[in-house]
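Student: Listed below are the residues making up each chain.
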Amino acid sequence: MNPNTLLLERALLPNLAGETPKGTSRPIADLKANILLVDDRPDKLLALEAVLTSLDQNLVQARSGKDALRQLLKRDFAVILLDVSMPTMDGFETASLIRQRPSSEHTPIIFITSIGNSENHIARGYSLGAVDYLLTPIVPDVLRAKVSVFVELHRQTELIKRQGEQLRRLEESKHQREMAEVADRLERETRRNRFFTLALDMLGIADFEGRLLQLNASWEEVLGYTESELRSVSGMDLVHPEDRPAMQEQMQALRNGCRTAQLEGRYRHKDGSYRWLFWSAAPFPAENLIYIFARDITPRKQAEAKVAMLNQELEQRLVALTTINGELEAFNYSIAHDLRTPLRSMSGFAKALLEDESSNLTPLGLEYATRIARSANYMDNLLLDMLAYSRLAGADMVPEQFTLDEPVAELLGLVEKEIRDHKISVEVGSPLGTVFAHLPTFKQILTNLLSNSVKFVAPDRPAQIRILTTRTPGYIRLSVQDNGIGIAPEHHEKIFGLFQRLHDNQTYPGTGIGLALVRKGAERMGGRVGVESEVGKGSHFWVDLPAEPPPPDGNENPSRRRQS
Amino acid sequence: METRILHVEDNPDDALLTAMAFRKAEVPAHLEVATDGQKAIEALSGGASIVPPACVLLDIKLPSLSGLDVLAWIRQQPNLKRLPVIMLTSSILASDVNRAYDLGANSYLVKPSNLEALIELAKTIDLYWLRTNTPPLVTT
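As they're listed, the protein sequences go chains A and B.
Anchor point for the first sequence: position 12 equals 12 in my numbering, and the numbering is continuous, going up by one each time.
Anchor point for the second sequence: position 28 equals 28 in my numbering, and the numbering is continuous, going up by one each time.
It is worth saying that the hints were derived from the structure and are not from the lab.
Do not take every clue at face value.
Said to hold, decoys possible - Straight-line alpha carbon distances no greater than 16 Å define the calculated EDC-like cross-link-like pairs of lysine to aspartate or glutamate that follow:
id: 1; chain 1: A; residue 1: 443; chain 2: A; residue 2: 405
id: 2; chain 1: B; residue 1: 24; chain 2: A; residue 2: 49
id: 3; chain 1: B; residue 1: 24; chain 2: A; residue 2: 406
id: 4; chain 1: B; residue 1: 61; chain 2: B; residue 2: 26
id: 5; chain 1: A; residue 1: 146; chain 2: A; residue 2: 49
id: 6; chain 1: B; residue 1: 24; chain 2: A; residue 2: 405
id: 7; chain 1: B; residue 1: 61; chain 2: A; residue 2: 338
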């Protein structure tokens with residue numbers, strides 16, 4: 001016998017219920033085979049038993065075919081010795097019934113028959129599934145040898161069956177032991193771990209199906225369920241239906257070996273409301289566990305929702321304000337425009353009086369007409385500036401790249417007369433550089449700055465104007481410097497406001513819109529303006545214009561950059 | 001035969017000032033005034049029997065029928081479709097300017113605010129539209 005088989009047998013023995021080992025030397029004793037002896041004659045049964053006793057197996061006797069079938073219901077047999085000639089139900093009939101039962105379908109049958117009938121019986125016996133036959137009178141050694149073969153066969157089969165069964169049980173108990181060990185260890189580790197028990201965040205360990213095995217007290221605080229309630233449900237059941245697909249995806253990733261997963265999702269509180277949890281998890285594949293760290297971010301989410309709502313409200317208000325602003329601008333434009341029509345009449349007919357009817361007017365009448373014409377002219381300039389300002393505020397400005405030198409030269413040409421009249425010396429830097437701006441608006445800005453410089457000349461010294469540029473980060477700074485009357489520091493901010501004037505209209509005529517136009521125009525182009533000046537020491541106005549094109553992802557609608 | 005210009009203008013002051021400016025500019029043409037769009041269409045109606053003016057000075061803001069409506073009507077008349085139409089208006093709205101050109105205006109002039117500029121404009125119209133420009137055969 002294979003020594004390994006013996007060892008294995010020894011290992012198995014204590015587990016076989018109701019059987020005790022008789023000694024390591026004869027382990028087979030515990031695998032005794034059942035042998036069914038079927039004969040109607042007690043003396044023959046006795047003879048068979050006498051021969052087979054030495055095999056040390058379980059010998060079961062049956063006095064008829066019917067009795068044999070009854071015995072077969074009770075247990076399995078390694079072999080059946082079946083007498084052919086029996087009253088009422090003979091051996092063949094019995095064999096055929098034995099074969100019809102699934103449990104005994106393959107049980108070996110040895111027929112016992114007398115020599116006189118042998119040929120006929122043997123043939124019939126084989127046709128009924130007999131495996132062998134014995135002729136009477138029995139030769140004891142032959143009987144023992146034949147039965148021994150089947151006993152051994154049965155023993156081996158049984159052994160293999162039991163080995164398989166035992167292996168299965170071993171596996172099962174090992175698995176259960178391991179699982180119990182893991183659970184114990186988890187329990188010990190987590191209960192012992194102060195970080196786990198004291199953490200404000202939710203800490204937990206789940207299996208690969210998302211069922212929580214271990215969890216700290218924070219879960220109950222956040223979700224309202226007791227620890228045992230949480231252990232008895234799958235984590236997925238608590239997830240908001242809308243968040244489930246993302247959650248399942250993350251779980252699958254973890255099972256597939258993804259090292260960490262993070263997600264935000266809503267979990268149902270015991271009271272039916274939902275809490276936002278942010279969780280981060282890492283798998284421990286050796287034990288099919290997932291370590292989970294979760295945090296209640298509901299307050300943050302609520303705050304975010306509130307901010308989003310406020311932003312939406314702000315957006316709506318902005319849209320409303322933009323609409324109102326647009327309407328106001330249209331209104332301003334329309335007012336300024338419509339006021340020019342009667343003004344045209346006032347101005348035109350005053351001129352007509354002065355030119356065509358001067359001979360019919362007294363000197364006082366002429367003076368009145370002159371005053372009407374002058375006022376109408378002033379008002380017209382005012383309205384034109386208002387229209388320009390209105391247009392500037394409302395227009396969409398698409399920036400283009402241009403060099404400053406050409407427009408500066410062109411605009412200096414427009415004030416050539418004033419420059420000559422006031423004997424102003426003009427100095428222009430070269431080259432002035434390239435900017436990304438709106439050319440018409442730039443021209444308007446420079447026109448206004450130049451007209452201020454030629455207007456506010458100091459009476460006591462030769463007038464000078466310098467135009468130059470310096471580079472600042474992202475900008476080209478265009479400076480218009482004069483040595484005119486200057487501006488007191490307290491007025492430096494005021495002068496850029498609408499309708500702000502520092503002088504009476506007789507000394508220095510103007511509408512009070514020019515510098516407001518300069519600021520508005522610069523801001524609309526993404527630039528800025530400023531002034532450095534002291535009374536009596538001249539003024540230095542500067543405009544910063546973008547030196548780079550606007551970022552392509554910036555506001556696609558330039559009018560949204562509009563500033564008040 | 002004296003050159004005629006149809007001036008479509010609802011504001012009597014503007015009509016008078018324009019006439020004054022044309023007189024001061026010594027433009028050898030007579031300005032006929034139509035004070036609204038309907039009267040302008042009446043003045044131009046009559047088919048082949050009427051002699052169209054040399055050109056039309058057309059304001060846009062008019063009661064009921066606007067200057068643009070009148071322009072569209074003119075361009076639909078077989079005997080007037082090539083008639084030079086000069087918009088003379090105070091509107092500088094891009095939408096008005098573009099619409100006028102789309103409808104077939106030949107020129108777009110903005111009303112000046114003072115008399116001197118208006119006289120200059122009258123001289124320019126005389127020099128360009130009445131002397132320099134080659135007029136079309138208005139009637140087919």
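Student: Check the structure against each numbered hint from earlier and tell me which ones fail, lowest number first.
Tutor: 2, 3, 4, 6
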